[in-house]
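Peer 1: Chains as they are written, first to last, in the working numbering: chain A, 1 to 382; chain B, 1 to 252.
Certain hints may be false.
[What the hints assert, rightly or not] Quick list of in silico lysine-lysine cross-link-like pairs, DSSO-like style, CA-CA up to 27 angstroms:
#1 A:K79 x B:K130
#2 B:K130 x B:K20
#3 B:K241 x A:K280
#4 B:K219 x A:K193
[As the list claims (entries may be wrong)] Distance windows between CB atoms, simulated:
#5 B:K181 x A:P237: 23 to 31 angstroms
#6 B:E108 x A:K79: 43 to 51 angstroms
#7 A:P237 x B:K238: 20 to 28 angstroms
#8 B:S157 x A:K287: 54 to 62 angstroms
#9 B:E184 x A:P237: 28 to 36 angstroms
#10 B:K238 x A:E175: 33 to 41 angstroms
#11 B:T221 x A:P237: 49 to 57 angstroms
#12 B:S111 x A:R190: 29 to 37 angstroms
#13 A:K137 x B:Q211: 41 to 49 angstroms
#14 A:K79 x B:E109: 47 to 55 angstroms
#15 A:N298 x B:E184: 39 to 47 angstroms
#16 B:E184 x A:K79: 56 to 64 angstroms
#17 A:T268 x B:K238: 23 to 31 angstroms
[Said to hold, decoys possible] If we take Cβ atoms under 8 angstroms as the criterion, some of the chain A residues that face chain B in the derived model are:
#18 E157
#19 E233
#20 V235
#21 S277
#22 E283
#23 L296
#24 K297
#25 L299
#26 N300
#27 V302
#28 R303
#29 Q304
To be clear, the hints were calculated from the coordinates, so they are not data collected in a lab.
The C-beta atom is built at its ideal place from N, Cα and C for all residues, glycine as well.
So the chains spell out like this:
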Amino acid sequence: MNKTANVVIIGGGISGCSIAYNLAKKGVEGIIVVEKSFLASGSTGRCGAGIRMQWGAEQNCRLSKLSVEFYENANEELKYDRDIEFNQGGYLIVAGTEEENEQFKKNVELQNRLGIPSVYLTPKEAKEIIPHMDETKILGATFCEKDGHLNPFHTTEAYAKAAKRLGVEFMTFTEVIGIDTKAGRVTGVRTDKGYISTPIVVNAAGGYSKKIGEMAGIDIPVYAQRHQILVTEPVEPMQKPMYMGFSLNIYIQQTPHGSFIMGRGDDTEPTDLRITSSWKFLEEMAKTCCELLPPLKNLNIVRQWAGLYTMTKDAQPIYGAVEELEGFYLAVGFSGHGFMLAPATGLLMAETILGEETTIDISNLDIGRFERNELVFESSVV
Amino acid sequence: MLIKTGVPTIDDIIEITPPKDRRERGPVAVIECFQRIPCNPCFTACNFGAIEEFDDINDRPKINYEKCTGCGSCMTRCPGLAIFVIDESYSKNEALVKIPYEFLPLPEEGSFVTGLNREGKPVCRAQVKKVQIMKNKTNIVTLVVPKEYSMDVRGFSTMAYDDENTIICRCEGITLGEIRKLIEEGYRTVDEIKRISRAGMGPCQGRTCRQLIMQEIAKSTGQKIEDMPMPTFRPPTKPIKLGILLGGESDE
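Same shape as in the complex, but just chain A (with noise of 0.2 angstroms):
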């Protein structure tokens, strides 16, 4: 079945989600978002859902505490029938080096310049907030109170409903096959359930970014890369904010519902699409928990899974148009973060197609920067 829109946003996930929205509260009518699965199947689904406004990289910080102020009215602003679970139990977040420690003094500073509440706090006072944590492997740590953790389902869900009263229509289970272009210009979007016109196609399709990229013959430069994480079943309360450590290689954070999840990064993950789970994962994930947490050696491992980190060489996202091609659109690349700035995503990136001033100013985070080699790099990754 052919159809005609005014614009077509490749992928159901949270950014997808929170750009229709933004669009369509601004007035935008013929919205349709292209999902291959279900809303938020993909990466989405599967992140720590965590959020955090304690950056090294000032974009990130600014893109994050817009996303964070969202999220604090957002079953509000959205009108959601459910809850999307936000709950702001902090961000402890611990240095495993001598270097690492003097950065993260600095990011403090970055931070509180730019109205974030970020503390930094030695290794005693760090354990008063986690008293379970083994405070002799770490060095120091930064703490903010305002960052948090959402359930992606419901966050996603909240979008898309919101969205969807506003007139955008959501193809689930469809597939881009393909983009037409015609004199640089995009002119439609081919599905495995038909053609759909379009002047306008933004790409927020995680992981297949890449892969919608070629399509339309556009290189993007980003790659996607395993990650894996697994989830405890739920126990008492004991842990309030996400636990994280980037050259120690770990986030854990106990959920609302009781249960703790937690993931590591792992530079031999396989870079090709691939969604499986390994036990290697689990010996490693098992073996760096207890070194830091010791008392969660008793905790029974329920699952485990993995998504994709679409990667970007400064592990920051790409955002706005594309030079050769007249109405396509980037917002991918998020690096393992496109969750928690989905609300900034979305408002920057319809100010972006609109035309209007942006309320941050995202023109470094164009896909430009690469070839212009002005990367500001953040280091603040797990």
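Model the placement of chain B on the given structure of chain A, informed by the hints.
Peer 2: Frame of chain A, contents of chain B only:
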């Protein structure tokens, strides 16, 4: 009340309930004829003299439970479908309820249906024991019901009995009602329902609820279970302690 609602009161029911010892002894007719009307086929139908002769044709029937054999002759002749036969001697926990039934299609013997009370509300699961087709088209359906419902079930719906509060996912405490609501809202795969409700996310990893949810989706959407996408199965298949995994390396 009966005039207004069509539903007899508790006092009405007590009045026509056969004595306990008689009910436990075997089949017996229960005459739920609460209004004076000019009608007497029950009396003429009974071959055992159990229903007393009417002084006035408007009188309500009087039954002698000692003479009643529970044969059911009166039941199929009653134009008001007001007579039932119950048998509490059927088994330790179950009773038979014979219901005069004039609807089509007739239920299948052996099938499970929902027992309805006099108000038409579902009260229990029942099994169709026997369907007797009668010449006068007042057929008899015999139901097996839990014994405590022998004086309660007076009709049935061919829909399978279930309770909205039945727990489908035991780990997360998700009820059938919640699952149905999600299916109504448009969630059509186990994976979607799992993500939005947590059903299947607990320690058993969906071993019980996965199949039940698929059945529910099948029921409401008409999809066949074999055509549905397989829900995701994730390792480890049994919960395992983090600490146990630490020993992995040296055992190699």
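Peer 1: All the hints need checking, so say for each whether the structure fits it.
Peer 2: Evaluated hints:
Distance hint between K79 of chain A and K130 of chain B is unfulfilled; the C-alpha atoms sit about 53 angstroms from each other, more than 27 angstroms. For the hint pairing K130 of chain B with K20 of chain B, the CA-to-CA distance comes to about 25 angstroms; that is within 27 angstroms, so the pair holds. For the hint pairing K241 of chain B with K280 of chain A, the CA-to-CA distance comes to about 15 angstroms; that is within 27 angstroms, so the pair holds. At most 27 angstroms may separate the alpha-carbon atoms for a hinted pair to count; K219 of chain B and K193 of chain A meet this at roughly 26 angstroms.
Our hint of 23 to 31 angstroms for K181 of chain B and P237 of chain A holds, since their Cβ atoms are close to 29 angstroms apart. Between E108 of chain B and K79 of chain A the C-beta distance comes to about 48 angstroms, which sits within the given range of 43 to 51 angstroms. Distance hint for P237 of chain A and K238 of chain B: a CB-CB separation of about 25 angstroms, consistent with the stated range 20 to 28 angstroms. Take S157 of chain B and K287 of chain A: their Cβ atoms lie about 58 angstroms apart, and the range 54 to 62 angstroms holds.
Separation of E184 of chain B from P237 of chain A is about 34 angstroms and conforms to the stated range, judged on CB atoms against 28 to 36 angstroms. Between K238 of chain B and E175 of chain A the Cβ separation comes to about 35 angstroms, which falls inside the hinted range of 33 to 41 angstroms. One distance hint, 49 to 57 angstroms for the beta-carbon pair T221 of chain B and P237 of chain A, is violated here, with the actual separation near 39 angstroms. Look at S111 of chain B against R190 of chain A: about 49 angstroms separates their beta carbons, and that is not inside 29 to 37 angstroms.
As the Cβ distance of K137 of chain A to Q211 of chain B is approximately 45 angstroms, the hint placing it in 41 to 49 angstroms holds. Roughly 52 angstroms separates the CB atoms of K79 of chain A and E109 of chain B, a value that falls within the hinted 47 to 55 angstroms. In this structure the hint that N298 of chain A and E184 of chain B lie 39 to 47 angstroms apart at CB holds, the actual value being about 41 angstroms. A hinted range of 56 to 64 angstroms for the beta carbons of E184 of chain B and K79 of chain A is inconsistent with their spacing of about 20 angstroms.
Judged by the Cβ atoms, the range 23 to 31 angstroms given for T268 of chain A and K238 of chain B holds: they are separated by roughly 27 angstroms. Below 8 angstroms, beta-carbon pairs count as interface contacts, and E157 of chain A has one with chain B at about 7 angstroms; its hint therefore holds. Interface restraint check for E233 of chain A: the shortest CB-CB distance to chain B comes to about 5 angstroms, inside 8 angstroms, so the restraint holds. At its closest, the beta carbon of V235 of chain A sits 11 angstroms from a beta carbon of chain B; the interface hint therefore is violated under the 8 angstroms criterion.
Satisfaction of the interface hint for S277 of chain A is found here, the shortest Cβ-Cβ separation to chain B being roughly 5 angstroms, below the 8 angstroms cut-off. A distance limit of 8 angstroms between C-beta atoms decides the matter here; for E283 of chain A the minimum to chain B is near 5 angstroms, and the interface restraint holds. For L296 of chain A, the shortest C-beta to C-beta distance to chain B is roughly 6 angstroms, which falls under 8 angstroms, so the interface hint holds. Because the closest C-beta pair between K297 of chain A and chain B is about 3 angstroms apart, less than 8 angstroms, the hint holds.
At its closest, the beta carbon of L299 of chain A sits 5 angstroms from a beta carbon of chain B; the interface hint therefore holds under the 8 angstroms criterion. A least Cβ separation of about 4 angstroms between N300 of chain A and chain B falls short of the 8 angstroms threshold, and the interface hint therefore holds. Contact between V302 of chain A and chain B, as hinted, is supported at the beta carbon level, the nearest pair being about 5 angstroms apart and thus within 8 angstroms. At a threshold of 8 angstroms, the smallest CB-CB gap from R303 of chain A to chain B is about 5 angstroms, leaving the interface hint in force.
The closest approach between the C-beta of Q304 of chain A and any C-beta of chain B is roughly 6 angstroms, which is under the 8 angstroms cut-off, so the hint is satisfied.
Of the numbered hints stated above, those contradicted by the structure are hints 1, 11, 12, 16, 20, listed in ascending order.
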